[in-house]
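Using the sequences provided together with the hints, build the complete structure.
Line order of the protein sequences matches chains A and B. Going letter by letter, the first sequence gives residues 99 to 255 in this note's numbering. Going letter by letter, the second sequence gives residues 1001 to 2104 in this note's numbering.
Be a bit skeptical, because a hint or two may be false.
To be verified - One side of the interface only, derived from the structure: several residues of chain A facing chain B at Cβ under 7 Å:
#1 186
#2 190
#3 195
Because the hints were derived from the structure by calculation, they are not lab data. None of these values were measured; they are calculated from a predicted model. Every residue gets a Cβ at the ideal spot worked out from N, C-alpha and C, and that includes glycine.
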Amino acid sequence: MEFFKKQKVGFYGLAVAAVLVLVAMIVFEVAFAGSEGFFEQQAPNAPVEVAVYSIIAIVLIAIAIVINQLNIEGVAGKVVDIIADLAIIGAGLLIGIAAYLTINAYVYDYVIVNFSDLHNGDTAVINAVSVAVASTVIYIVGFLAAVVSSCFSIAKK
Amino acid sequence: MKITKKSKQIARGLTAGFAGLLAVSIGASTLVTTYRADLDKYSSHTRFEFIPDSIPSNALDLYNHTVPDNVEVDGVKFDVTKAKGVVEYSRALSEKLAGEGQVLMKNDNNALPLKGEDKKIALLGARSYMNAFSGSMGSVTNVSEATPLPQALKDQGFTIVDETDKAYQNAYVQSIAKDVALTDEEKAALKIDKPNAGGNQDACGSGFGAVTAANYKGYQTFEPTVEALGLKAKSQKSGVAVVTVGRRSQEAGYYLPGAAGKAAPTKGNKNGTPARESTWEEEDDCLALTIQERAIIKYAKDNYAKVILLVNSDCAMDIDEVFKGGKSEVDAVLWTGLPGAYGFKATAKILDGTINPSGGLADTYEAKSSITATGQNVGYFEFANIADQKTDPDAYKLQQGSEKSLWYEAENEGIYSGYKYDETRYFDLIANPSSKANSKKGAFNGTAWNYKDDVARAFGYGLSYTQFKEEIVELNVDQAKRTVSAKIKVTNTGSTAGKHNVQLYVSVPDSNKARVQKSAIQLIDFGKTALLQPNASETIELTDISFEKFASWDSDFAHDGVKGGYVLEAGDYYFTTGNDQGAHGAVNNVLLEMGKSGLIDADGTAVTTKTSDVKKVALARVEITQSVKGALLSNQLEDMDPTLAWNLKLLSRTDWDGTFPERNSGLKSTAAMEDGLRCDVYKFTENDNNGQTVVWNAQNGLTIDAVKPAKGVFLEYDDPNLIALVQNVTLDEALRNLQCAGGSTFIALTSIGMNYDAYQNDGPMGFDGNDGAEQTCLFGDRNPANTVYDTDDTNADADNATDTWGKIAMRPMPTNVVVGSTFNKELVEESGECIGIIGLWVGNMAIWGPGSNIHRTPYNTRNHEYYSEDPILLGVMTDVYSKGGKSMGLTMAPKHYAFNDYDLNRSGIAPFLTEQDARENALRGFQYAFESENAMASMGAFGRAGAYFCSAHPGLMSGILRTEWAWNGFFVTDMVNPGYYMNARDSIAVGTDGMLTGASQAVNGWIQWNPIAEADTNNAAKGPIARSEVEKDMYFQQCLQDSIHRYLWAILNSNYVNGMVAGQTVEHKAAYDVAAESAVIGTAVLTGLSAVAYCALAVLGKED
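Shown next, in the form of structure tokens:
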């Protein structure tokens, strides 16, 4: 309990962001796998890339949180703080990249599903597009959570 | 510097936020660039324009292709230099096509035309109000232009009885209201006759994805019962009832025989789709009349003195019962087909006799299509060793979880589909009793096949309001030129003026029945008269009909060290015409000439006299070992032969009973099919292309404007300047073109001064696209040259609010079945010219059309895009339509080469058929337009050819298309889905030129065949094209350069080069270009500023 008493808004926001990124990543992987190869046609490496960027983003958030639990004084403390800040900035960048990569994978089929009849009856792809859009939305919410919470302190020193 | 902790955190947050937005902005910018062509198309953005100051005073002299000063339809002239003239011309031409294409299938006691009191009609059947004008996908009419049947009838002076009119409107609203709560206003807004391209009372299976045994979709339709309509019995039988029935057409759909083809009821919705609750008798298929349709015809017969049936369908229905002696027999039957936006005007004019019908059926109307030889193998077939494939990683890993190698269709009916089946079986029934043609197999009555019970109407059948006499006044067989020419005199012997189509048939000798199958009758050419007054005559000349058009492909014929070629057996050849009885009239003529008896017509009436002359010609054996282009003929498609792959019996005239096809389910894919099914065919090797160097980036100074042909000159494929120009293209451009050429654009090649894209659009009934969009309307100026060209018509201006002509979506033509049924080459050529004129206006240099697949079965819902079941009608119409378009500078692209004749699981299905069947039927649909070079582009099929992806089949592509036919047009696949199946490596290696992806730049994500990035070459399944592999493989480089060669040849002979002078264009960025670029710059700057602020605060600052 002491641990949580020590935490501030930034901690909770970043934790939520990390969870959302993880959820978004899983949702996207599910969508990609269910797209009958159509997403792969546009972005064959997207599952790997999205996963790598997402996991690194989560790790960076974790690093930032951990560092903010430490109470290092002096120059070393300042350097460690900067590392934590850079981790947060990096996480924001990577979440943005991951969000784009999800869009890139499904945008072509999104247009076909919504503006032509070519995917009529192709339930798997139609569902995959919907799920993939959901993953992007979750990424965006996670991104906003990360950005907003990074404007606040993470933990009491 | 003293700062607060808060300000550093805010700087941190802003930096993180803007960095993320920068990533998204860069991504968005990439997407905009990638899909630039499609964005331009759908937002009507004109990207390239001539720089006004650079337009020379003689600008119009630089136009290779211009619209004619005047065109005319039946004496009415149209000024097609004005948008108004183009629209009115297309309307008139379309109505004329529909008028000549609709077919009178029955007319007892001159029930038609309707005159005087008979013009007061009861309009029955839901389809009378919810008309289908076209397909609901693929060849979709512009409904804002459409005149529904009720309106067309009223315009023509008919009176529609209020009672039935209101009954259908009420039943329609009630069918929706029982499923959905509707306000009175919503009810009032629902109009049953609101035009809908496909007729929205129907639904049938559709989909781009996999259909399985578990997710079949059947057909269902809205047809209210007599009770629901509230129609009461009349006290006295009187008046005229017009009843309409029909079936839907659409791309990516399918009909299925049997119970699977009949869907459960569906609910209505507020959008105007009524509840669909039709039922069928158990023994009937979905192409037969529903119980409700049958009931409404009965109601009409019980209450009206005269019943006229309209058949509003491009898929031949099982409606034998409406003809003589049938339980639903009516007085007259008029096939309207899906006649386009203006076609019902022609219907109304036919009904009252203003137009005398002159069409002939493009398809046989069977009593029950599913029991014919072809019908045995229609539907869903899954390889029996799917489980093996799924568990064997080597076999199945290539499919990436998708299912592109699981379906097949083994077509062992051979050449006997459509009339070639019925008329040949009938011929043998009469002339060759030992052939067991009377077998119960395929017999509608279940006991013995016979013509009366099994065929409703023959191919080519078509009555008139007058009678015509046909005489073959001259028939010349030129053994040296290997051609036939005929003169056929047509005389109107009746009392009404009319046009008449002439169909010339041949019956070939058949002494080796067991080995090479031969149809008892074949169409070899056709023509049409002008309007003939009573007693007037016209002689139709049909010239230079190649022997090859009726020769038989003999796969065992050995010559020149190879096997396979065309043969005409020694013996007597009977040439005749069928008059209004079509193919059946012709075969009866031949049988009468042979002295046979016991002949009947489709109604079972005895036939004892010929409908026309028969010319008997004795020929010595003719062997055709070279193509028209001089290439050696040989078997190319043996791997597709189901009789070889699975030892299936081929339907043979020696024994109709013993060889009649059965349902070929449960077949297993074989080891020989493995590479094809795995889409793993071409292997990159290090080779020197037999010493022939491939030169790229020659930098010889030639640019495209310098190679542009002079006005009126056709640039030959082997023109030295063209070859030199091709060598200036870079390898990277050629690789990029693989995925950027075809579909919406032929992308610019800046290395040769081709500075703006060449635009295309889908066809064939006009230019597809959103109504009001630039790619389909006359205001469109997609070719920069047209900014000069259109200036003489201020009406055609996107910004002009009063522009009523320029903003009409130009999809004016009837569907191709109606067009084919005209049997009028000149008219169809003129419709090609009309499309070419529209192309000039819109700035489209190519159209993906006409549709040239064969009607193997009416269960294909996409038949509306193709002309006929007959290969000659199909092939000649493809050729003349292409000729018309080409004359206006439009690149015509027949689709889908080849065998794309059923859309169920079209992406992946593997049709297996004999080489004889392929060459004598499906391939003739394309052959003539390719040999004549009237078609200079083409689109491939979604499906396979045997086990290979169709565009990657070596024999079909390299062997037949590129070698035998020596065709140099640009060939693009259909829409790639996905890339490992429709893979570029295998396709380009055999003569395909482009992969239809919709991308405007190389998409780095397409690593499976990405031309620029290094691909995962170890994964053969993905069809990788790694640049490093291509650099070593000079043969493959030659294929790539051939693609560029064909690409530029088509472009340089098209309207694209209109007005082309180097350096005259300027590119206009669209709002989305500017927005994407601004977003990148803006977020980059803000990221930078935030980062600087953070650094300043974090490094230099001192926290409080």
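Indices of hints not satisfied (ascending): none
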